[in-house]
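K.L.:
Let's have the full structure, built from the sequences with the hints guiding it.
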Amino acid sequence: MRNLIDILKNGILKENPVLIIMLGLCSILAVSTSVINALGMTLAYSFVLIGSEITISLMRNFIPKTLRVPIFIVVIGSFTTIMSLLLQTFLPDLNKALGIFIPLVVVNCIIIGRVEAFSSKRTVAESIFDALGMSLGYGVVIVSIGAIRELLGSGTLLGFQIFGLSYKPALFFILPPGAFLTIGVEIAILNKILSKPKKKEGSK
Amino acid sequence: MGELQNLMNIFINAAFAQNFVFIRFLALCSFVGMTTSMDNAVGMGGAVTFVTVMASIISYAVYQFVLVPLHVEYLQIIVFILTIAVFVQLVEIYLKKAVPSLYRAMGIYLPLIATNCMILAVALLNVTEEFNLLEATVFSFGASIGYVLALVVLAGIRERLSYAETPSILRGYPLIFFIATFIAVAFMGLQGIAR
Numbered sequence: 001m002r003n004l005i006d007i008l009k010n011g012i013l014k015e016n017p018v019l020i021i022m023l024g025l026c027s028i029l030a031v032s033t034s035v036i037n038a039l040g041m042t043l044a045y046s047f048v049l050i051g052s053e054i055t056i057s058l059m060r061n062f063i064p065k066t067l068r069v070p071i072f073i074v075v076i077g078s079f080t081t082i083m084s085l086l087l088q089t090f091l092p093d094l095n096k097a098l099g100i101f102i103p104l105v106v107v108n109c110i111i112i113g114r115v116e117a118f119s120s121k122r123t124v125a126e127s128i129f130d131a132l133g134m135s136l137g138y139g140v141v142i143v144s145i146g147a148i149r150e151l152l153g154s155g156t157l158l159g160f161q162i163f164g165l166s167y168k169p170a171l172f173f174i175l176p177p178g179a180f181l182t183i184g185v186e187i188a189i190l191n192k193i194l195s196k197p198k199k200k201e202g203s204k
Numbered sequence: 001m002g003e004l005q006n007l008m009n010i011f012i013n014a015a016f017a018q019n020f021v022f023i024r025f026l027a028l029c030s031f032v033g034m035t036t037s038m039d040n041a042v043g044m045g046g047a048v049t050f051v052t053v054m055a056s057i058i059s060y061a062v063y064q065f066v067l068v069p070l071h072v073e074y075l076q077i078i079v080f081i082l083t084i085a086v087f088v089q090l091v092e093i094y095l096k097k098a099v100p101s102l103y104r105a106m107g108i109y110l111p112l113i114a115t116n117c118m119i120l121a122v123a124l125l126n127v128t129e130e131f132n133l134l135e136a137t138v139f140s141f142g143a144s145i146g147y148v149l150a151l152v153v154l155a156g157i158r159e160r161l162s163y164a165e166t167p168s169i170l171r172g173y174p175l176i177f178f179i180a181t182f183i184a185v186a187f188m189g190l191q192g193i194a195r
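Quick note, the sequences are listed as chains A and B, same order.
Position 8 of the first sequence, counted from 1, bears residue number 8 in the working numbering, the numbering being contiguous throughout.
Position 11 of the second sequence, counted from 1, bears residue number 11 in the working numbering, the numbering being contiguous throughout.
For the record, the hints were derived by calculation from the structure and aren't laboratory data.
We put the beta carbon where it would ideally sit given N, CA and C, even for glycine.
One should not assume that every hint holds.
To give an idea of the interface, some chain B residues facing chain A are shown, with a C-beta separation under 10 Å as derived from the structure [said to hold, decoys possible]:
#1 F22
#2 L28
#3 F31
#4 V32
#5 Q76
#6 I77
#7 F80
#8 V86
#9 P167
#10 S168
#11 L170
#12 I176
#13 F177
#14 M188
For the chain B half of the interface with chain A, some residues (derived, Cβ under 7 Å), not all of them [as the list claims (entries may be wrong)]:
#15 I23
#16 C29
#17 I78
#18 I81
#19 L120
#20 A180
#21 V185
P.N.:
This is the structure:
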C-alpha cells in the first residue's frame, strides 16, 4: 500500500508531467482560460489516461514487442473517441469550448509516455495509481493556471464575481500571451522552491 | 472575391493571424524542446513542413474516399493518427535506403514528428472547416510556415540569450515562456490582416 501511495505522490510532485517534464503543454495553455474549462479538460484527460493504462496493463503479457507502439496508439485512440462522443452527447457546451483539444488528447505525449514507460511493465493496481497521480499532477497545474487567468482576466472564479463590479478585468490574461506569462511565472516559482536545499548547485 | 484571394486569406490566416504556435497553442513540446540551436530549429521545421503537407493531402483522401463512403466518420481520430504514424515510418524507411545523406540530417527528427500535435490538428481542421483539396493543401502549408517562423525566431533569441547574464531562477524554461509572451503579443497585432 505504501508503494502505491508513493506512486501517486510521484505523479503530483517529483515527476509532475507538466512543470518538471514539460509535456502536454498545448492543452494546458490553450484551454486554461477559465476554471470550468480547466476542470473539464482534466476530466477528459484522466478518462483517457486511466482507461488506457488499465487496458495496456491487462494486455501487457500478450503484446508483441515490435507491434507495441501501434497497439498503444489504437488503444489510446479508442478511448479518445469514446470520450469525444460522450462529451458531444452529454456536455455539448464544454465540448465546444475545448474544441480541437479533445481529439488531440490522442497525441498527448504524457499518455503514450506513461503507457510505454509504466503500465506496459506493471500490475493493474500500480497502473491505476500511476494514472491517478499523473492526472492529479496535470489537473493541479491546469486548474491553477485557469484560476489565475480567470481571476485576473475576468475578475471571477467559477463564474462568481470576486473583485466586485468595479474591477476592470485585464483582458490580457484571457488572450494567448497571458497563458505564456502565467506558466512562466509558475515554473519560476517552482524552480525557486526546488532549488533552495541545494543552493550551491543552482548558483553556478 | 476570387479564388486566389480566398487561398491567400487561408494562407495568411494559418501562418500569421491564427499562428499555430503563438495563438492556437499547438506543437509547443517541439517549440520548447527543439529550439536550443538554429540548426535544430531549421531541421525540425523542414521535416515538419514536409510531413504536414503530405499528411494533410493523404488524410484528406482517406477521409473522402474511405471514411465518408463507409459512413464511419467518427473513426477519424484513430484513422488519422495511424495514417500519420504509418506515413512517417514509410518516409523514414525510404530515406534510409534512397537518400542516406538527407536521412542523416532529418532522421533524428522523424520519430518525434508522429506525436507532433500540429499535424493531427491540421488534418482534423481540414475536415471541420470543410476545405477542398487545394484549400487543405494551402492551409497545411501556411500552418507549417507559421511553425517554422516561430521556431526560427525563438531559436535565434535563445542563441543570443545563452551569452547573456540572466537571473538564476528565470534561467531555462521561465525565460522561454516570457519571450513567447512578447512574441505572442506581437502576433495578436496581426489579428486584423485576414478575414
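K.L.:
Go through the hint on L28 of chain B and say holds or violated, using the shortest Cβ distance to chain A against 10 Å.
P.N.:
4 Å, holds
K.L.:
Against chain A, run the beta carbon of I77 of chain B and see if the smallest gap drops under 10 Å.
P.N.:
With Cβ-Cβ at 5 Å, under 10 Å, it holds.
K.L.:
Close enough to count: is the Cβ of F22 of chain B nearer than 10 Å to one in chain A?
P.N.:
Check passed: Cβ of F22 of chain B comes within 6 Å of chain A, closer than 10 Å.
K.L.:
Does I81 of chain B pass the interface hint, meaning its C-beta sits closer than 7 Å to a C-beta of chain A?
P.N.:
Holds. Min distance 5 Å.
K.L.:
Does I23 of chain B meet its interface restraint, that is, does its C-beta lie within less than 7 Å of any C-beta in chain A?
P.N.:
5 Å, holds
K.L.:
Does I78 of chain B pass the interface check with chain A, least Cβ-Cβ distance below 7 Å?
P.N.:
4 Å, holds
K.L.:
Does I176 of chain B hold up as a contact with chain A if the rule is Cβ-Cβ below 10 Å?
P.N.:
8 Å, holds
K.L.:
Is the interface hint for V185 of chain B satisfied, with its Cβ closer than 7 Å to some Cβ of chain A?
P.N.:
Cβ of V185 of chain B sits 5 Å from chain A, so the hint holds.
K.L.:
Checking hints one by one. Is L170 of chain B an interface residue toward chain A, by the C-beta closer than 10 Å rule?
P.N.:
6 Å, holds
K.L.:
So, F177 of chain B near chain A? Judge it on the closest CB pair being under 10 Å.
P.N.:
For F177 of chain B, the interface hint holds, since the closest Cβ of chain A sits about 3 Å away, which is under 10 Å.
K.L.:
Given V32 of chain B as an interface hint, is the shortest Cβ-Cβ distance to chain A below 10 Å?
P.N.:
Where the cut-off is 10 Å and the nearest Cβ of chain A is about 6 Å from V32 of chain B, the hint holds.
K.L.:
Holds or violated: is there a CB of chain A closer than 7 Å to the CB of C29 of chain B?
P.N.:
6 Å, holds
Violation of the numbered hints given earlier is absent; every hint is satisfied by the structure.
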